[in-house]
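Novice: Combine both chains into one complex, guided by the hints.
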Amino acid sequence: MTKNYRESLRSPAHLKSMDLKGLSCRKRVALLCDYLDGELPAAARRIVAAHRRSCLPCARVLASLECTLSALRELRTPARIPAAARRSLRAALRSAAGKRRRQEKNQ
Amino acid sequence: MTQSERDLIDRSRDGDAEAFTKLVARYEDRIFRLAKRVCVGMPADADDVYQETFLTAFEKLKSFRRDSDLGTWLYRIASNLCFMRYRKKKREPFVPLLDRPHDHEDGEGPALSVPDRTPTPEETARKKELQAAVGEALARLPADYRLIVVLRDVEGMSNEEAAKVLGIGVAAVKSRLHRGRMFLRDEFERASSPKAGR
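In order, the protein sequences belong to chains A and B.
Numbering that gives the first Met the number 0 puts the first residue of the first sequence at 0, with every later residue one more than the last.
Numbering that gives the first Met the number 0 puts the first residue of the second sequence at 0, with every later residue one more than the last.
Isolated chain B (complex conformation) (with noise of 0.2 Å):
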């Protein structure tokens, strides 16, 4: 943390609005980011989630360790706001994912018709409907996979930070994510197999 976040901190604990405002300047892209793509499909909900989050720092920074990452603190409290809303809502879509055969045994599994990774010149021109069926997968996962891959695959954070921003184990967050992974792999095969979308 440098001197002026701990300075910036140090003022908004006193109730300087704009003191926070700097801070919420710094950190509010990835919040947002983080809320729109766990409340995917629910705009209303993604923008609640970004100013309650900032709302609750405010009202919660004097209970702030200064040791700790202000980022990860924030992304704890946005990730507690995101489940809040799919409890309360239930709209949790159910998807299992249990351990499953995966197409490999040996070639006694489903064959994969992955095709040749080369880029070609198709695969290029459906580098965008690729992107959008994997964000339409991303919305099948339950909410705490997707929190783990969003915060891991697309915030880019490391195992350890991931798991204290949940609060759960490093262990926890690789079995999530692999999970998470392998089920979004399977997605974009079938989306992005020669016979989808035709």
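Just chain A, same shape as in the assembly (with noise of 0.2 Å):
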């Protein structure tokens, strides 16, 4: 993210004027991510969510990238750790703990 990029969001004024399609391809893609992780200042939220409404292919992009995190969101599903895994490893627990237990009473 370049230094013009931080400026212009801490000072939603100059973003206002600043031209979103005139932004590089990896400046653009940068703001929509932060748009769609809520982490621009409301004034810049605010002109952004304007420029989607004007900009098909910003719309496009904000479109597919919010159907693609709601796609990831939903991955976060319980985790069915086999049993057998979850056995073997308070198996191996109990064992380094013996085996600490062992060492410490040697020394």
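Calculated directly from the structure, the hints in this document are not laboratory data.
Just so you know, not all the hints are guaranteed correct.
[As the list claims (entries may be wrong)] With a cut-off of at most 25 Å between alpha-carbon atoms, the simulated PhoX-like pairs for lysine-lysine come out as follows:
id, chain 1, residue 1, chain 2, residue 2
1, A, K98, B, K21
2, B, K127, A, K104
3, B, K163, A, K98
4, B, K163, B, K61
5, B, K61, B, K21
6, A, K98, B, K61
7, B, K59, B, K87
8, A, K104, B, K163
9, B, K126, B, K59
It should be emphasised that the depicted structure is a prediction, and the values quoted were computed from it without experimental measurement.
Specialist: So this is what it looks like as structure tokens:
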């Protein structure tokens, strides 16, 4: 993210005059991602939201990014740890604790 | 950190396996899910990462700083173990994530065929299919990008938390996250286009 972009977020009046279409692809993606993550100041957010309504390519990128993020969030399903792995971990922990006790006893 | 967690950590540091098992129960779902998503397609490795994370933590608990967050520390151990596995096996798929003109230069780039995102019955019916597509696309991301996307967008961490886990700066997290998301978005586009799956 460039200094220019950061400064523009601190100063929404500057962003207002900034032509989002003039941003490079990388900066625009950064801006749109920050917008989706709710990391833009309120004024900057309103400007991006307004831009979204008037710029079809940005609106499309945002819509598909929202869809992708929504699908990713839905991957947060219960873990379903295999019972064997669970048992094996607990047995290994007991064994490690026993080993440590023996070492401490011998010291 | 709660008092009960501090007590469990203190007892675990003294070698109390029962106390440590209680800590395991608090974090194992998150750690296993991370291992499963990052070691995608290698279920045995995911099991190993899950177990090794907690065994390493039990062994190294004396070096854990009490002012740190235990979850972050465990995520860090798990992330390192995932990376080590990829390095060892050299299975990393090569996916160039270079800056590319993304479909946007005022209509001059390749046209996007994004359908209207208003939910339709067809979309609802394809929900699982698309989730699977994103899961598969995730598997094609390089491990470092995948790890960041999983920490941020699946596990719901903040950029700052993800940066702490990975020991990198917030700017680096954001940069990789943006690229990873755009790669997934492109893959998602392909899967959700009307021609996909026909």
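Novice: With reference to the structure, classify each hint as holding or not holding.
Specialist: Evaluated hints:
| no. | hint | in the structure |
| --- | --- | --- |
| 1 | K98(A) to K21(B) | holds (20 Å) |
| 2 | K127(B) to K104(A) | violated (56 Å) |
| 3 | K163(B) to K98(A) | violated (32 Å) |
| 4 | K163(B) to K61(B) | holds (20 Å) |
| 5 | K61(B) to K21(B) | holds (17 Å) |
| 6 | K98(A) to K61(B) | holds (16 Å) |
| 7 | K59(B) to K87(B) | holds (23 Å) |
| 8 | K104(A) to K163(B) | violated (38 Å) |
| 9 | K126(B) to K59(B) | violated (43 Å) |
Hints 2, 3, 8 and 9 from the list above are not met by this structure, while the remaining hints are.
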